[in-house]
Amino acid sequence: MTSRCFVIGAMLLLARPCLAHHSFSMFDEKQTLTLHGTVKELQWTNPHCYLQVLVPSQGATAEWSVEMHSPLAMYRFGWKPGSFKPGDKVTIVINPLKDGTHGGRLLTAVDASGRTLGTLRQPTAGRPQS
Amino acid sequence: MIRRVEQVLAVLAIGIGLSVAHAQSRHSSPGVTGLWETETSVALSNGEIDQAAATAPAAPARASDGGPSPVELELFKHIKLWQAPPYNAEWQHKSQEASKRIAPADPTQLSRHCTPQGFPAVMESFSPDGMFQVVITRAETLFLFPDGEVRQIYTDGRKHPERDDLWPTLTGDSIGHWVGATLVIDTIARSAGPITPLPIPSMANLSDQAHFTERVRLIDASTLQDDMTIDDPQRFSHPWQVSVRYKRVTDVDRLIPTNCSENDRDAIVNGKATITAEPAAK
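In order, the protein sequences belong to chains A and B.
The numbering used here numbers the first residue of the first sequence as 1 and each following residue consecutively.
The numbering used here numbers the first residue of the second sequence as 1001 and each following residue consecutively.
If you are wondering where the hints come from, they were derived from the structure by calculation, not from laboratory data.
None of these values were measured; they are calculated from a predicted model.
Don't take each hint at face value.
Unchecked claim - Calculated lysine to aspartate or glutamate pairs in the EDC-like style (CA-CA distance at most 20 Å, straight line):
| id | chain 1 | residue 1 | chain 2 | residue 2 |
| --- | --- | --- | --- | --- |
| 1 | B | 1100 | B | 1147 |
| 2 | B | 1077 | B | 1227 |
| 3 | A | 40 | B | 1264 |
| 4 | A | 80 | B | 1251 |
| 5 | B | 1272 | A | 28 |
| 6 | A | 98 | B | 1264 |
| 7 | A | 80 | B | 1253 |
| 8 | A | 40 | A | 63 |
Full structure from sequences and hints, please.
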């Protein structure tokens, strides 16, 4: 289940990880994508954490790779290695990869209880709500 | 008799003066210890850089064709060591020629920044994991960074090594002394090259003869400042003054290591930056 929302004007309000490791020009910051899926794995790794999310799409399931900051940075933003476990339901808002493959940069993640985590100190500051 | 008393007093005065000077060199500022991050890092984590980008004039064409994103362009403005230095005429010309050779449309040029930052770039990290810890001992002050980089500022009175015993490195050779609560650092033998190996046209390119003087001091209990002077007589017309401010980190109580290669999934495929599909190896 995928819903695309093109955010014009507000797009530049989307904060992002930066050149700690690479430029984020590979992500389309003109576009946000909301995905509803199931967590396959939270990779608590350097230089970036990844949330692997299984997303139903047209009768099949697609795996999305969602990039975040490093564990140290994510920890400062309220994340812990066990914030998401395999099988957890999750709704994520991302800037998708420009090349169209199933991946992107995380803006916010909301778990089944409604808790929101993000990649800023205030997860939803200046960001669209999922 | 009076003359002998004067001589004794003079000797005592010199002795007291030397003692005071020695004591000053041993002074330090315990408040400097702890974890710090740049004000730019704070602004980025708070979303302030993004909001500034949103109100900035339209980005140049390169921002939409694979070069830095609008927010990255805004971020660059905040990084003082990435601004144009006071080059002499020769290096001003070289810098302008070099900027013509940068292909801003190639996203791979801004990718794969996985080498140690080195000095002085390491003093102006801007990402949320770009903090450093200051440790003060009797013989040296240490700046420790999450990626394993270390600046050792020897404050035990030693000099820089002799020319035959010294060669350029990423961090250079640093000695220092305390003047009251200010740490004065003198650094030489930093490897020749750009501040950071990124294709930013204005990025300063230093010779290995660059001489750095820093004055590190507390502004208040939660603010630290590094007033840096970079003198590169081979390439600059005059010394370059750069001041960087830091805020005390309060949301973590230790330095947690980062690692650039543990699960590096940011690949260049067919000339384009992307994320590889494979999950982390266990």
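Hints and how they fare:
1. A hinted pair counts as satisfied when its Cα atoms are at most 20 Å apart, and residue 1100 of chain B with residue 1147 of chain B does not qualify at roughly 33 Å.
2. Distance check on the hinted pair: residue 1077 of chain B and residue 1227 of chain B sit about 18 Å apart at the alpha-carbon level, within 20 Å; holds.
3. The suggested pairing of residue 40 of chain A with residue 1264 of chain B holds, with an alpha-carbon distance near 19 Å, which does not exceed 20 Å.
4. A C-alpha spacing of about 13 Å is found between residue 80 of chain A and residue 1251 of chain B, which places the hinted pair at or below 20 Å, so the restraint holds.
5. Note on residue 1272 of chain B and residue 28 of chain A: the hinted pairing holds, with a Cα-Cα distance of about 13 Å set against a maximum of 20 Å.
6. For the hint linking residue 98 of chain A to residue 1264 of chain B, the alpha-carbon distance of about 19 Å falls within 20 Å, and the restraint holds.
7. As the CA atoms of residue 80 of chain A and residue 1253 of chain B are separated by approximately 15 Å, the hinted pair is consistent with the 20 Å bound.
8. Annotation: proposed proximity of residue 40 of chain A to residue 63 of chain A holds, straight-line Cα distance about 8 Å (limit 20 Å).
Checked against the numbered hints above, the structure breaks only hint 1 and satisfies the rest.
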